[in-house]
Amino acid sequence: MLLQGRGPLIYEAGHPVWKKENNRDVVILTRSFAKLNEEKVFKDPVHRYIHVRERLIWDLIGTAEFQRLRRIRQLGTTYLTFHGAEHSRFGHSLGVYEIARRIIDIFKYRHDWDDSETLICLCAALLHDVGHGPFSHSFEKVFGTDHEQYTQAIILGDTQIHRLLEEAGDGFSEKVADVIGKTYENRLVVSLISSQIDADRMDYLLRDAFFTGVSYGHFDMERIWRVMRPAGDQIVFKLSGMHAVEDYIMSRYQMYWQVYFHPVTRSAEVVLTKILHRAKVLYNKGFTFHYQPVPLITLFEGEITLKDYLKLDESVIMYFFQVWQEEDDPILRDLCSRFMNRRLFKYVEFTKEILNHFEELAGAFRMAGIDPDYYLDVDSSSDSPYDLYRPGEEGEKQPIKLLMPDGSLRELSQESDVVGSITGKRRTDHKLYYPKDRVLALPDQSIAKKRICDLLHIR
Amino acid sequence: MLEDHARIAALIDQAGEIVGRKKLQKMVYILQRTGAPFHETYHFHFYGPYSEELSVQLEELYNFGFLAEEKEKKSGTLCYRYRLTESGETFLKRYSGTLPDLTDLTEKLNRESVSFLELVSLLLYFDQLPRESAIEKVHQMRKNCREEDIQRAFVFISALNRTLTAGTAGA
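Protein sequence lines correspond, in order, to chains S and R.
Taking the numbering used here, the leading residue of the first sequence gets 1465, the next gets one more, and so forth.
Taking the numbering used here, the leading residue of the second sequence gets 351, the next gets one more, and so forth.
Bound-form chain R, shown alone:
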């Protein structure tokens, strides 16, 4: 019961704080694609993978009083800053072990910019295509995408996969 909500709460708890719904969306997607137990359904939504289910789950966590949400302006656009409330922490205590310790990975993702995480998500979304076709798709979906960012995203993805393999081996 509410395990999926608990996993999202646990993620925010491990990250300490996540700024931006879009960032949260991308973080959960990337973690899901690298094998973390998130079950939210993602579909392509104009700019990349997006989960309506996750958006509503965030609202639900907020309405339960488990999430604190602060509105702020970040470079002209509105942004939401998320962290767990005290009752959110109590809620989370009931679900120990529902999400493995992903702190390192989560912090690594949280340090990146939203637009970089968007690019990583896009490449992961098209990862069943040959690399050239995936890059072509990325250019179609994101005008003005720089080649060096794409290369960095590829490096980032293979590093993610390594972290995860190492993590599971150690567990």
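So that you can see chain S by itself, here it is in the shape it has in the complex:
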């Protein structure tokens, strides 16, 4: 029943392969729970080593769906701003697994942990981002896909990952999916993977700081682990470790403004979104591409299957952007060339004044022959998938709580002046992106050019 119509998993050149015959089911059932004969390690620049002892974890890493994460960058378009940021979601996923593993070890040592949850938690840590696609955020904006839904679909659907998880027991895959979806009954397990200080954020902050090469963003992760205490359904932090937690919050703050919300990265994101949008519009108009976007067709038609989704990665997308520089459509051609050659849009602060004259501005763009649907856009802080720490005054979100010496709990920003001052002042940002080169190339006597330059204060 566990292995309907499929043979056991065997290893060829270190990779799991499904074998055709079906006569060793029982052996496999026990194997998923088994330890590896020998601990495996991955060398990692952030954690030094990632340690794997369970066969199930090792097998999951070997699946096609997980290996695909090697071809999806953790930071999307950020490499156009910080050239080091080429690291993949594969490394991050391993990192989150390693952090979860080490925290569980610490909890276990203090008898604070229910060991029957260990494997579920480790699988959830490893697989939490498995549904990410190429440049996820832009894809989600244009095509309405949701990477979290794909994560669920991969864990519960017809995949190698699903079959492996089910070998660990009936309903095991559902438990893993529930932890990742944050609807699992044991809230402590959920908090470890996703909360205001979780394995996910700890890994990506340090990893992204390392690969972008920025000098802020570091904090003492091991110190934080040591002051973590399970308290009912959440994890709290001993007051004595407050300064390590403050550093973490500062890191999140710095990384948000300096890396995640960097205007050049956001500009690349805008151009990328416009390319996808243009390609979709052209496809639906029946445009004949020189290079048919075969892997994207079901996506354009709004009915992409899991199988098709799993075929997409950033190499595929970059291939099309590269070849579409030769398409007949001037907009698609130009946008792709901008992305590939990093001739991104420039930006100005989007002020109320510009907002009030927006129709006029769009009109001037149209008059100048620059289609505002593709060459004029506002990007807001709410468009970013990253967030800053907020105390969550109405309890919409679980805040970070400190465990006081008398056993009571206090919200972090109430105790820490540093955190209080960066969470107290709410800051939002809007920028208007446009191709300055195109505007400047307009003839000087052009009325449209004069109007655009006046409105955007271009001298």
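Derived from the structure by calculation, the hints contain no laboratory data.
Errors might be hidden in some of the hints.
Unchecked claim - Here are some of the chain S residues that sit facing chain R, going by a computed Cβ distance under 7 Å:
1) Val1842
2) Ser1846
3) Thr1892
Stated by the list, open to error - Calculated cross-link-like contacts (lysine-lysine; reagent style DSS-like; alpha-carbon spacing at most 25 Å):
4) R:Lys493 - S:Lys1889
5) S:Lys1861 - S:Lys1702
6) S:Lys1865 - R:Lys443
7) S:Lys1646 - R:Lys487
Beta carbons: idealized from backbone N, C-alpha and C, even for Gly.
Following the hints, position chain R against chain S.
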């Protein structure tokens, strides 16, 4: 440009006033799930569906001066009271028709308590599960949830769906 912001502003305008960020969160979620054109991404967040994107959009509307936000204490906890400012109304004028008239529905939701809307959102979040499993999930996520409230929430949801079908048919 800023259409999603405009829809949120329009919702607050139709409601007149919304007390509590959490209430706004739940109202937008319920409306989105019943087919209204809200595009904010929602994920499960400990107590139910929550949208970080919506939270930031509210801050942005406030920072633009389109929203008035009054802090108040409501049964011991802090609450924010939202309504549109005059410049918010001017902003909204540029986007006529961006949100259909949902006044009846909005008022109906606004009359309910936050905790009831939370329960409705939870049931909607788990609506792909069989009813018994959904109820079990709700009990896991919300301790001390009364059976009669759950039943009322189910009735409320089917009434919502009816209102919406009637609304679209009339439009």
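Quick rundown of the hints versus the structure:
no.	hint	verdict
1	Val1842	holds, 5 Å
2	Ser1846	holds, 4 Å
3	Thr1892	holds, 5 Å
4	R:Lys493 - S:Lys1889	violated, 34 Å
5	S:Lys1861 - S:Lys1702	holds, 20 Å
6	S:Lys1865 - R:Lys443	violated, 43 Å
7	S:Lys1646 - R:Lys487	holds, 12 Å
Comparing the model with each earlier hint shows violations of hints 4, 6; every other hint is respected.
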